[in-house]
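Chains as they are written, first to last, in my numbering: chain A, 283 to 606; chain B, 170 to 584.
None of these hints come from the bench; they were simulated from the model. Please note: incorrect hints may appear among the correct ones.
Rough simulated footprint, nothing fancy, chain A against chain B, three-plus residues with beta-carbon under 8 Å [as the list claims (entries may be wrong)]:
| # | stretch |
| --- | --- |
| 1 | 254-265 |
| 2 | 304-310 |
| 3 | 314-321 |
| 4 | 505-517 |
Residues from chain A that keep clear of chain B, each with C-beta distances beyond 10 Å, as calculated [what the hints assert, rightly or not]:
| # | residue |
| --- | --- |
| 5 | Gly326 |
| 6 | His374 |
| 7 | Tyr454 |
| 8 | Ser505 |
| 9 | Ala548 |
| 10 | Ala599 |
Heads up, the beta-carbon is just placed ideally off N, CA and C, and yes, glycines get one too.
As a plain string of letters, each chain reads:
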Amino acid sequence: MREALRDALAEEMRSDGDVFVIGEDVGVFQGAFKVTEGLLDEFGEKRVRDTPISENTIVGTGVGAAMGGLRPVVELMTVNFSLLAFDQIINHMAAIPYMFAGQARVPMVIRMPGGGGHQLGPTHSHSFEAMYLQVPGMLVACPSTPADGKALLKAAIRDDNPVVFVEHETLYGVRGDVPENGEPIRFGEAAIRREGGDVTIVGVLRMAHVAEQAAKTLANEHSVDAEVIDPRTLRPLDLDTILASVRKTNRCVVVEEGWPHGGVGANLAALLQEQAFDHLDAPIQRVTGADVPMPYSKRLEQSAIPHPEHVVSAALATTEGTVN
Amino acid sequence: MAKETLKTPEAIDVDGEAKPSPELPDADLCRELLERMALIRRFEEEAGRQYQRAKAGGFLHLAIGEEATIVGTTAAMRDDDYLIGTYRTHGHALARGTAPERVMAELFGRVDGTSGGRGGSMHIFDADRRFMGGYGIVGGNLPLAAGLALASDYRGEDTVTVCMFGDGASNTGNFGETMNLAALWRLPVVFLLENNLYGMGTSVERHSAVTDFSRKAEGMGVPGVRADGMDVLAMRETVAEHIRLAREERQPTMVEAFTYRYHGHSAADPEVYREKEEVEEWRRRDPIETFARRLVDEGAIEQDEVDELRQRVEKRVKDAVEFADASPEPELDSLYDHLYVLGDQVPGWYAVDERTPEPHPGEDEREHSRGEVQRLAEAGAAYGGQSPVRTKPTSEPSGVEDEDGESPTGEENGE
Numbered sequence: 283m284r285e286a287l288r289d290a291l292a293e294e295m296r297s298d299g300d301v302f303v304i305g306e307d308v309g310v311f312q313g314a315f316k317v318t319e320g321l322l323d324e325f326g327e328k329r330v331r332d333t334p335i336s337e338n339t340i341v342g343t344g345v346g347a348a349m350g351g352l353r354p355v356v357e358l359m360t361v362n363f364s365l366l367a368f369d370q371i372i373n374h375m376a377a378i379p380y381m382f383a384g385q386a387r388v389p390m391v392i393r394m395p396g397g398g399g400h401q402l403g404p405t406h407s408h409s410f411e412a413m414y415l416q417v418p419g420m421l422v423a424c425p426s427t428p429a430d431g432k433a434l435l436k437a438a439i440r441d442d443n444p445v446v447f448v449e450h451e452t453l454y455g456v457r458g459d460v461p462e463n464g465e466p467i468r469f470g471e472a473a474i475r476r477e478g479g480d481v482t483i484v485g486v487l488r489m490a491h492v493a494e495q496a497a498k499t500l501a502n503e504h505s506v507d508a509e510v511i512d513p514r515t516l517r518p519l520d521l522d523t524i525l526a527s528v529r530k531t532n533r534c535v536v537v538e539e540g541w542p543h544g545g546v547g548a549n550l551a552a553l554l555q556e557q558a559f560d561h562l563d564a565p566i567q568r569v570t571g572a573d574v575p576m577p578y579s580k581r582l583e584q585s586a587i588p589h590p591e592h593v594v595s596a597a598l599a600t601t602e603g604t605v606n
Numbered sequence: 170m171a172k173e174t175l176k177t178p179e180a181i182d183v184d185g186e187a188k189p190s191p192e193l194p195d196a197d198l199c200r201e202l203l204e205r206m207a208l209i210r211r212f213e214e215e216a217g218r219q220y221q222r223a224k225a226g227g228f229l230h231l232a233i234g235e236e237a238t239i240v241g242t243t244a245a246m247r248d249d250d251y252l253i254g255t256y257r258t259h260g261h262a263l264a265r266g267t268a269p270e271r272v273m274a275e276l277f278g279r280v281d282g283t284s285g286g287r288g289g290s291m292h293i294f295d296a297d298r299r300f301m302g303g304y305g306i307v308g309g310n311l312p313l314a315a316g317l318a319l320a321s322d323y324r325g326e327d328t329v330t331v332c333m334f335g336d337g338a339s340n341t342g343n344f345g346e347t348m349n350l351a352a353l354w355r356l357p358v359v360f361l362l363e364n365n366l367y368g369m370g371t372s373v374e375r376h377s378a379v380t381d382f383s384r385k386a387e388g389m390g391v392p393g394v395r396a397d398g399m400d401v402l403a404m405r406e407t408v409a410e411h412i413r414l415a416r417e418e419r420q421p422t423m424v425e426a427f428t429y430r431y432h433g434h435s436a437a438d439p440e441v442y443r444e445k446e447e448v449e450e451w452r453r454r455d456p457i458e459t460f461a462r463r464l465v466d467e468g469a470i471e472q473d474e475v476d477e478l479r480q481r482v483e484k485r486v487k488d489a490v491e492f493a494d495a496s497p498e499p500e501l502d503s504l505y506d507h508l509y510v511l512g513d514q515v516p517g518w519y520a521v522d523e524r525t526p527e528p529h530p531g532e533d534e535r536e537h538s539r540g541e542v543q544r545l546a547e548a549g550a551a552y553g554g555q556s557p558v559r560t561k562p563t564s565e566p567s568g569v570e571d572e573d574g575e576s577p578t579g580e581e582n583g584e
């Protein structure tokens, strides 16, 4: 994944001189998670800009530069740090095109890794995609595979809208095939990771992998044939694909690492009951991170993150007494 | 509560000693400066009046008293330089050449406003004149200025960004962050601090440990000077030199303009925090009266010309009000316009709106069907998906009527 994201950055920087990278330790240090490794050598200090630790100003500088015609790719070291830039992200980046009636565009991307699993505790490992998904005026991407990471990042950089690009800290080492052609994929197109007819499982970011693991267990041990969908972007959301699946399986489980209240799953459950109520044979199940700040202790941290077993039991709850 | 220390022009030490005002430039420029200031004054007075008549809504922050700071600054700028300001920027747009009609229409929330009625008084914008916006978040425009300056630098252009903000903004995190970044990267930006002695109702010595704002960013690498913000020529001269420093030497600097707003922070300000005598003292140094008197005294222009100029300004503002009044309210089905730049990924606003799986047309191709207008209006801001059951808004915003004089909900308008 790390290399796929780096390739996306490098390829877009080679093809468009207005694209540049800006963030804390993205240059000399090569990136806190090494995503920008080598970019400084190839593109120099003008286009790979190390910044002071000033998140709101880093994002705001990106917004201003984008208004001035450039295409900044801002890196924030973690999603938690993006809270220091919430003003620039929501009051400025997302609002400017609308509040000035299209006189200014803000073609920029903010990359930010989040998620638990590395024992980074309550200020470095949260999942905020649900918060960003709520904000009109920007797009939100959550890639789970190297191929998607590369193709979505390229699409994000080329798009004229501001994009929040959420990465997962534990997915940087994930391996996977990346198409040679280097083409972007469109936002708003979900990926069906596994086809099945009994229950739809929607998994976001790393939870897409967890959903796939759960689907294997469901098939092998419970004769339940799950369809796994990775939405890949939350704004725009490919609701069509999810609806078509739910109309087929009549059951749905949504898996995310973020908090339960007002989460991605809460939103999706509302949409599905509005638009596929008559197709549902069971209540929609949500599997989410625990409703606590992320604890440090490995044992507690792991207990706060959804695992395949949770997804399996949620899926079985939707199929109880009706499948096989 | 203890009364504030009386702050009068005499009590203010500008740059250590009283500097004489610069020599008068040529008469045409003098007339131009005077007319711009007079236009802002008259526009702001009228905006206040229209606000009282409820033609303009929300908050209204007037810059009456601050005209020399505004016009002196913009007079030193090139057309291709960027200007970015605060929520008190009707005058800044006018000084850059934006038509008063369009600013007034924005205050009225009409389609011909600078932001088509989406921004309001606090969010004036004019891309054509490189007025890059008024912003409602105190200090929020500072990083944007750094970004605009970075864009100029990146492209190898010699344009300069002038960033105007108030004394209150110097206490925000953005101030320290942006000063440091601008100095570190040697960005071509001039920070222009409009010190009107109050952050809303809190006087400078009650909100800032350092009240010599010209030095407040020194430790972050941005040196500064104080200038007499009531003297348009002093402002023009000082800002011109600092723009030169930014343009030619890539040295970001701060100009602290001593100025004063005669009216409250906003139209909703009872002004319990300052003495009437203080306001009167400052009014005696009125930037427009003082300049006009000097022009006549020194023979640069005749008193007749001053009178004619005032009549011209009067008419322009009257025309602006008439124009704004005649400008239509935004169409209801334009609610989602400009939310996204439409293209392959975002073909229409519904494409990022999960409430329906059906593809919807974007603003460019949308059919203006009555049914759609009706549906949107009925739903208010919360269109409830495909279900025919919708929540009606509890109260209809005033002025939203269809041709039959009925509100779009089909109920009688409460007005």
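Each hint tested on the structure:
Judged by the Cβ-Cβ criterion of 8 Å, the stretch 254-265 of chain B is not covered by chain A as claimed, because only 0 of its residues qualify and three are needed. Check result for the stretch 304-310 of chain B against chain A: holds, 4 residues qualifying (beta carbon to beta carbon below 8 Å, three or more required). Check result for the stretch 314-321 of chain B against chain A: holds, 8 residues qualifying (beta carbon to beta carbon below 8 Å, three or more required). Chain A is given as covering the stretch 505-517 of chain B, and this holds because 9 residues of the stretch bring a CB closer than 8 Å to a CB of that chain, at least three being needed.
Here Gly326 (chain A) stays apart from chain B, with its beta-carbon at least about 12 Å from theirs, past the 10 Å limit. For His374 (chain A), the condition that its CB be more than 10 Å from all CB atoms of chain B is violated, with the nearest at approximately 6 Å. Distance check on Tyr454 (chain A): its Cβ is at least 25 Å (rounded) from any Cβ of chain B, clearing the 10 Å threshold; non-interface status holds. For Ser505 (chain A), the requirement that its beta carbon stay farther than 10 Å from each beta carbon of chain B is met, with the minimum near 31 Å.
A cut-off of 10 Å between C-beta atoms confirms that Ala548 (chain A) is not in contact with chain B; the least separation is 13 Å. At the 10 Å boundary, the C-beta of Ala599 (chain A) stays outside the reach of chain B, the nearest C-beta of that chain being 25 Å off.
The earlier numbered hints that this structure contradicts are 1 and 6.
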